[in-house]
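**Student:** Put the complex together from the two separate chains, hints included.
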Amino acid sequence: MALLLDILLATLLVTGAAFALIGSWGLAKLSDFFMRLHGPTKASTLGVGCVLIASMLYFTFRPGASGASLHELLITLFVFLTAPISAHLLVKAALALDPSARPAPPLQRGSACGSAAAPHDPAARRER
Amino acid sequence: MIVATLLPFAIGAFTLALLLNLYRLLRGPGPADRILALDTMYINSLALLILLGMHFGTTVLFEAALVIAALGFVGTVVLSKFIMRGDIVE
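Chains as they are written, first to last, in our numbering: chain A, 1 to 128; chain B, 129 to 218.
Worth flagging that the hints you see were computed from the coordinates, not collected in a lab.
Don't take every hint at face value.
Below, a sample of chain B positions facing chain A; criterion: calculated Cβ distance under 10 angstroms [stated by the list, open to error]:
| id | residue |
| --- | --- |
| 1 | Leu146 |
| 2 | Leu148 |
| 3 | Pro159 |
| 4 | Asp167 |
| 5 | Ile171 |
| 6 | Ala175 |
| 7 | Ile178 |
| 8 | Met182 |
| 9 | Phe201 |
| 10 | Lys209 |
Keeping only pairs whose Cα atoms sit at most 27 angstroms apart, straight-line, the calculated DSS-like set for lysine-lysine is [what the hints assert, rightly or not]:
| id | chain 1 | residue 1 | chain 2 | residue 2 |
| --- | --- | --- | --- | --- |
| 11 | A | Lys42 | A | Lys29 |
| 12 | B | Lys209 | A | Lys92 |
| 13 | A | Lys92 | A | Lys29 |
| 14 | B | Lys209 | A | Lys42 |
| 15 | A | Lys92 | A | Lys42 |
Quick caveat, the model's predicted, so the values are computed rather than measured.
We treat Cβ as the ideally placed atom computed from N, Cα and C, and that holds for glycine.
Same shape as in the complex, but just chain B (with noise of 0.2 angstroms):
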């Protein structure tokens, strides 16, 4: 099957990918850079745990992946709009 020896290369590409965000959590001049980082590095993770459900054949993760999109998103707007306005309760 081309699949079951395509997923550990894809699993591979991303854990680089996550990688390459790391670096640019940690080396990002700006508080901005930091927050897109964080940003894609949640992406990242949760197409990575789409890939493992499809290599352990299980559909317990999908609840997973979609709390980190969720809580994701929550967090980035809540990084943005802390730099935006210095406050996040107005």
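Isolated chain A, as found in the complex (with noise of 0.2 angstroms):
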């Protein structure tokens, strides 16, 4: 039993390092501010999260603890709740300050512009 929950432990551990470590090296490698945003909000929330777990674990089956530790299920309930809330707020207070790196909106059907005459026509889907 000791040594399943050591294994599950170490797992935990190096599963929960190598995701931050992956998302910080996208954070500082790739090119773009939307292409950075991936790493962080993504893998670096979920190796926090494994890390956090490996924690509980821990201190809930350390010799001469005391009933569960559920301190860390709330960091893990907060940090879950508030990671897309804050890539949300970041991605609109990057549009705001560059307008031009909003994608086009698609085209309605029927508008002047589209292609209302002939929608299956190949060459006018690639046009947009």
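**Tutor:** Okay, here's the thing in structure tokens:
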């Protein structure tokens, strides 16, 4: 049982550290802000979640522990709730700084510049 | 025990991640990049605090991690709002 717990803890720690490192490497290496946003918001959050779960298991099952350790669950919940919100706000801030980065809206059916006359024409579709 | 030998390596990995974030914080071309680097730095330092708590065998550092999580989120929201609107309290 102790060996099984050790292996589980080691797997969680290695996975968490690797994910956090890869996320931060992506933040440092990728070329565009919208690409850079992928690393921290997905990989690093998952890495921190792995580390927090490992800490929860460690402090729950260590000798002399008094009951389950639930602080980490609180922190995990908070981080997982707030990471998408802060990423959304960061994208909105970046788009407010540089409106030219906003992609063009999709053409509506029947609009003047659209391909309403021949919607299945491959040339018109390529023009979009 | 496997975990005791593994913890220094995990702490080193998170420290390296913090250094990469610091590089992006100092280098980042725009303000949004710097805010993103700060956001990642608080998340990584939170995990580093948790790992140090495991290393020293104390649960005192959880409260510090919780405070870092709350204040870091508020800081990111406020900085993004400031960029979007040019003002914090509207």
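**Student:** Now tell me, hint by hint, if it's right for this structure.
**Tutor:** Verification of the supplied hints:
1. Restraint check, B:Leu146 versus chain A: the minimum CB separation of about 8 angstroms is within 10 angstroms; hint holds.
2. Below 10 angstroms, beta-carbon pairs count as interface contacts, and B:Leu148 has one with chain A at about 4 angstroms; its hint therefore holds.
3. Interface hint at B:Pro159: satisfied, since its Cβ lies 7 angstroms from the closest Cβ of chain A, which is below the 10 angstroms cut-off.
4. Here the hint on B:Asp167 is kept, as its CB sits about 6 angstroms from the closest CB of chain A, short of 10 angstroms.
5. Hint on B:Ile171 holds. Least Cβ distance to chain A is approximately 5 angstroms, under the 10 angstroms limit.
6. Below 10 angstroms, beta-carbon pairs count as interface contacts, and B:Ala175 has one with chain A at about 4 angstroms; its hint therefore holds.
7. Annotation: B:Ile178 was flagged as interfacial toward chain A, and the flag holds, the nearest CB pair being 5 angstroms apart, inside 10 angstroms.
8. The beta carbon of B:Met182 comes within 5 angstroms of a beta carbon in chain A, closer than 10 angstroms, and the hint placing it at the interface holds.
9. The criterion of a C-beta within 10 angstroms of any C-beta in chain A is met by B:Phe201, whose closest approach is roughly 4 angstroms, and the hint holds.
10. Restraint check, B:Lys209 versus chain A: the minimum CB separation of about 7 angstroms is within 10 angstroms; hint holds.
11. Taken as a hint, the A:Lys42 and A:Lys29 pair is honoured in the structure, with Cα atoms around 16 angstroms apart against an allowance of 27 angstroms.
12. Between the alpha carbons of B:Lys209 and A:Lys92 the distance comes to roughly 9 angstroms, so the proposed pair stays at or under 27 angstroms and holds.
13. Between A:Lys92 and A:Lys29 the CA atoms are separated by roughly 22 angstroms; this keeps the pair inside 27 angstroms, and the hint holds.
14. Under the criterion of a C-alpha separation no larger than 27 angstroms, the hint pairing B:Lys209 with A:Lys42 is consistent with the structure, at around 22 angstroms.
15. Proposed proximity of A:Lys92 and A:Lys42 is supported: the alpha carbons are some 18 angstroms apart, at most 27 angstroms.
Checked against the numbered hints above, the structure violates none of them.
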